[in-house]
Amino acid sequence: MLSPEDNELLTSIGPGTPMGNLLRRFWLPGLLVAELPAPDCAPVRLRLLGEDLVAFCDSNGEIGILDAYCPHRRAHLYYGRNEECGLRCVYHGWKFNVAGQCIDMPSEPPETDFKQKIKLKSYSTVVRGNVIWVYMGPTDVMPEPPDFEWSFLPSNQRTSIKRLQQCNWAQAVEGGVDASHVSFLHSQISGEARLNFGRKMLNVMTDDRHPIFHTEETDYGILIGARRNIGEDNFYWRFTQCLLPFYNMIPPGLLEGDTDTRTAPYAGHAWVPIDDENTWTWSFSASPSEAFNDELMDLQGGKNGMWGPVDDDYKPLYNQSNDFGLDRENQRSITYTGIQGIPNQDAAVQESMGPIVDRSKEHLGTSDTAVIAWRKRLLKMVKQLEKGIEPSEAANHDSYNVRSVSMISTRDADWRKEIKKLMVGLAPEQRPPEKL
Amino acid sequence: MLSPEDNELLTSIGPGTPMGNLLRRFWLPGLLVAELPAPDCAPVRLRLLGEDLVAFCDSNGEIGILDAYCPHRRAHLYYGRNEECGLRCVYHGWKFNVAGQCIDMPSEPPETDFKQKIKLKSYSTVVRGNVIWVYMGPTDVMPEPPDFEWSFLPSNQRTSIKRLQQCNWAQAVEGGVDASHVSFLHSQISGEARLNFGRKMLNVMTDDRHPIFHTEETDYGILIGARRNIGEDNFYWRFTQCLLPFYNMIPPGLLEGDTDTRTAPYAGHAWVPIDDENTWTWSFSASPSEAFNDELMDLQGGKNGMWGPVDDDYKPLYNQSNDFGLDRENQRSITYTGIQGIPNQDAAVQESMGPIVDRSKEHLGTSDTAVIAWRKRLLKMVKQLEKGIEPSEAANHDSYNVRSVSMISTRDADWRKEIKKLMVGLAPEQRPPEKL
Amino acid sequence: MLSPEDNELLTSIGPGTPMGNLLRRFWLPGLLVAELPAPDCAPVRLRLLGEDLVAFCDSNGEIGILDAYCPHRRAHLYYGRNEECGLRCVYHGWKFNVAGQCIDMPSEPPETDFKQKIKLKSYSTVVRGNVIWVYMGPTDVMPEPPDFEWSFLPSNQRTSIKRLQQCNWAQAVEGGVDASHVSFLHSQISGEARLNFGRKMLNVMTDDRHPIFHTEETDYGILIGARRNIGEDNFYWRFTQCLLPFYNMIPPGLLEGDTDTRTAPYAGHAWVPIDDENTWTWSFSASPSEAFNDELMDLQGGKNGMWGPVDDDYKPLYNQSNDFGLDRENQRSITYTGIQGIPNQDAAVQESMGPIVDRSKEHLGTSDTAVIAWRKRLLKMVKQLEKGIEPSEAANHDSYNVRSVSMISTRDADWRKEIKKLMVGLAPEQRPPEKL
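Chains as they are written, first to last, in the working numbering: chain A, 332 to 767; chain B, 332 to 767; chain C, 332 to 767.
For reference, chain A alone in the conformation it holds in the complex (with noise of 0.2 angstroms):
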């Protein structure tokens, strides 16, 4: 439960709000790659933290995020024309760079040329893995892009996806770092849920449904661990990132036979705000040790694939307005929902709720210790921001660098030793060159 003050602190993202502010201080997964697919491609739209965005790629194939609006008379950038190394307005012809500086002014004569005094409100990018990152905050300020491994692996060994969800970024984060739901929204009632690539894991979420969690407050954020019993002497730890201010990582689930996950494909997601009451919902996956074939790239990357299926603008099909494809006649004998697809799962309860949850009405129990604690840490930066400390967690990048994983232990392991070393993923220096 929060207080409708803080619930108001906790989801309002625009600019000036101290959540705004905070979000300002980190990298944000902006666009895919594959949304400027080429120098002097078509500019797109592009709406983040409630700013009215253009992106566009120039001759040189640098990648500019600027002001939607052009500064002469505010019309919308994005009917522009990307040529010669600069977007430029069909209104009246002026031209901007990927800085945001006017570089050419056609309307004006000569004399009363004024180019160089206009600059254009523009936001510092960088590419990895498929994702255009985007920093927004004060360039004083500004660290490193999260050094996830994944984002550094070679272009076959990893997927980028994004959709729209509806809803405000703070209940989708919630519904990530909730590892409980799991057990019931995402559950079969009768036959096997292709949760994991389609190969045959362990099935201990279903046995027990109400595991033990355990968090621990980490430089990149928290460090989330569910127990299960699973037979009289040893448990069953699923381990989850909470990286913040809004990713979560998926571990795999464990093949039978196997006691970890040590290298086996994982997966991630973040929440970025588009505005209070829309947000962009982000799934990666990596496959560490080896290549995804052709069917797991699409099934973990494909607009059809897992996290799909979504249009040509990422919205995807099964949404509000078709109840997102609920099947009474399935809910009944087959899926716990009714609902096909993991993703739209977990969009229909977290839309359900309405665009901005009322979280003073919520009554939580020991199954939301993840929630309780993802919340307060981000209250607590955000108030810490607002006397002027900055979050050291933006500043943690190469801290980012882990893999979620599941594992078998005795019940007597030291799950805090045993498991955080399989957490680590690759070093800088055992990479493979970055490959865009």
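None of these hints come from the bench; they were simulated from the model. Be aware that a few hints might be false.
One copy or two, either will do: identical chains are not told apart, so a pair holds if it fits within one copy or between any two.
[What the hints assert, rightly or not] Listed below are the simulated DSSO-like cross-link pairs for lysine-lysine, each with C-alpha atoms no more than 30 angstroms apart in a straight line:
| no. | residue 1 | residue 2 |
| --- | --- | --- |
| 1 | 714 | 452 |
| 2 | 692 | 450 |
| 3 | 748 | 634 |
| 4 | 718 | 752 |
| 5 | 711 | 692 |
| 6 | 634 | 711 |
| 7 | 448 | 752 |
| 8 | 452 | 718 |
| 9 | 646 | 448 |
| 10 | 448 | 751 |
| 11 | 446 | 751 |
| 12 | 634 | 707 |
| 13 | 450 | 751 |
| 14 | 692 | 452 |
| 15 | 450 | 707 |
| 16 | 634 | 718 |
| 17 | 452 | 707 |
The model shown is predicted, which means the values in this text are computed figures rather than measured ones.
Keeping the supplied structure of chain A fixed, place chains B and C upon it in accordance with the hints.
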């Protein structure tokens, strides 16, 4: 004409509003039984008096009407699983019985289970005459449901159907109690209107278009008599009951040769607020002395009958988006409006006023006598309730057992004495046993 | 740049606003005559300056423009019956003549009839040049309608058409008075633009893209001259009249070999506020010396002509929902925008600013001279009216009889003297009798 303050008082029905408090003293028609056709069927969304609710029929056939949002993390229970005597949220499996009590909390281990402490808002229901009635008020003043004759007739002697109306409830009720508009809005330029079951009726309504209105305050609300001249010696009376807070009864047309409609089928409406700008328009009919044949059952109670056509969600196919099917050629020569169907004609004018009509800009005449009487009575009740005086009408459930009639009387007859005896429904002891 | 206060002053036009008061001093183009094609035809909805109205043509061919809502119970008169010299509400049959006087009240018996006391708000109209003009201001200061030459030409020498624009009127007018954008927004990358009736024109607009602007205050508003260099010795002038409050006149392109466009067809626009966020964009054309052929009539005045395509409600088929038909491939190689049609190009940039552009964020240059002059003049008029000084421009109806022209002059010519004589329309005594 109302002051802006009284207009607000009359039209605002959300939780905590004075009119909302008053309406919560009455039983409301909530759902058609057909919407919850069997034990463990799919739950349905329901919005009444500005509250989001979910309705379900449990394994024992008991109806539950609960707050729509799970008290755990506020997922909508519409997506829930209706199984084994309870509705289960698909997010984390919490389960609620028809009384709103949490009866299972599988996401918590036994030692932290707190299901006994969790009770969801729930409302009392009763099933009568194809309708699931709901009581949303304080339990200590809960009355008996209204004792409508039609709700106790055998199922082949009654019908019920509803349709969405996209305006405030009060302007819909006012259309119902306003007997004057029938001579215009529902009239024909040429040919015969099929107002009443397709039978040959006395055509007096359009011959005398400005009836004299008599109103009488009663236990259930207001009895409205519209008196038209017929020949030199007689009056043609149509009596309509306005039953508080939002019902009206429609008398049958008088068949040629008869002098009253004592045992003929009659109809009625209820206008139940969904929220301030949307209303369920209910239509009932009753044939107290003989069964309807199949054609009349469909005509009175079908989705494509005289109160339709509506789609599967009871939304009219003729609506604002298509000007209610307005056909100017038809308007010129056949019907007064050019719109087909009484309910579509009513909806056209009532919705055309805007979602909430501004009654400070009206100019009322003697034809509005009943409208004025209804408002006055209702505003009086609201103001009394604000002082702590409960509305006696809500408790007068047996006074609701009335029939509406048409009749011819001599001009010197004492109508209050003559006709009132025709207007009483079957006494409870005369009624056949209720069938759902 | 405008302060937020002046921006609000410029853009808010509802009843009671300062700009709303000012615009109500001028006659407005209200409807095409084709929308009310015959006596007793179907009434139409009309929204102007934020007021909901209904327009009808009575049995005598008189036009009535009335408050949309019946004063009895506020049903919308659009659903009304237009018959026997009046518009009759279908709810209770009240009937109004074109002056708004209630002339029948059939729902009341004779002894309580009060129709003489009921008068609906009505506005004066006049028909000129295919257009029904409306005056919505105080009757004691009602001027003559503007004396546009085109509105008196024979019907085969003029055209009128309108289209919906989904933004504030002021940013639309500013697009019209801004002669600078033509060299960009409406230009071609390759091939010829068909700007002016398909004839071979002097191609100077894109050769000199930063004309020098001269403005002159006049009785009707502002005369704007855009001067481009042509060869060593000459100037190419395009003169545009900005006629207050919201008209502009577009000069024809100069044909090769000619030195002025004295008798060539010219065009004009009006931007009439529907409400603060919607505008009717009117397009007129006039051929003062000879008839348009059928093809040109369709091109200038048809729904699928150069100001379209529009649907039966005059809504453009290319609009925000489809990015105005933007074709990036075409943008790369053929047209500057990739959008077909001048009005679609204008609408794209003007609507892309949002419903009401924030002028506090602009950066204006010398190319915006005319825009600045228009705003300044209009804000001056608004502020004067607030002090009680009526706008003299509204009364200068005969000064509106102007033509826009293009011409070539030597660089030392006195343009104010040379050209002004070309810009006068036919004097009233020279005009043929008006035909509808």
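Tested hints:
no.	hint	verdict
1	714 x 452	within (27 angstroms within a copy, 35 angstroms between copies)
2	692 x 450	between (46 angstroms within a copy, 12 angstroms between copies)
3	748 x 634	neither (39 angstroms within a copy, 67 angstroms between copies)
4	718 x 752	neither (36 angstroms within a copy, 70 angstroms between copies)
5	711 x 692	within (21 angstroms within a copy, 35 angstroms between copies)
6	634 x 711	neither (37 angstroms within a copy, 56 angstroms between copies)
7	448 x 752	neither (54 angstroms within a copy, 42 angstroms between copies)
8	452 x 718	within (26 angstroms within a copy, 41 angstroms between copies)
9	646 x 448	neither (39 angstroms within a copy, 40 angstroms between copies)
10	448 x 751	neither (53 angstroms within a copy, 38 angstroms between copies)
11	446 x 751	neither (55 angstroms within a copy, 35 angstroms between copies)
12	634 x 707	neither (35 angstroms within a copy, 52 angstroms between copies)
13	450 x 751	neither (47 angstroms within a copy, 41 angstroms between copies)
14	692 x 452	between (40 angstroms within a copy, 12 angstroms between copies)
15	450 x 707	between (39 angstroms within a copy, 27 angstroms between copies)
16	634 x 718	neither (43 angstroms within a copy, 61 angstroms between copies)
17	452 x 707	between (33 angstroms within a copy, 29 angstroms between copies)
Checked against the numbered hints listed earlier, the structure breaks hints 3, 4, 6, 7, 9, 10, 11, 12, 13, 16; every other hint is satisfied.
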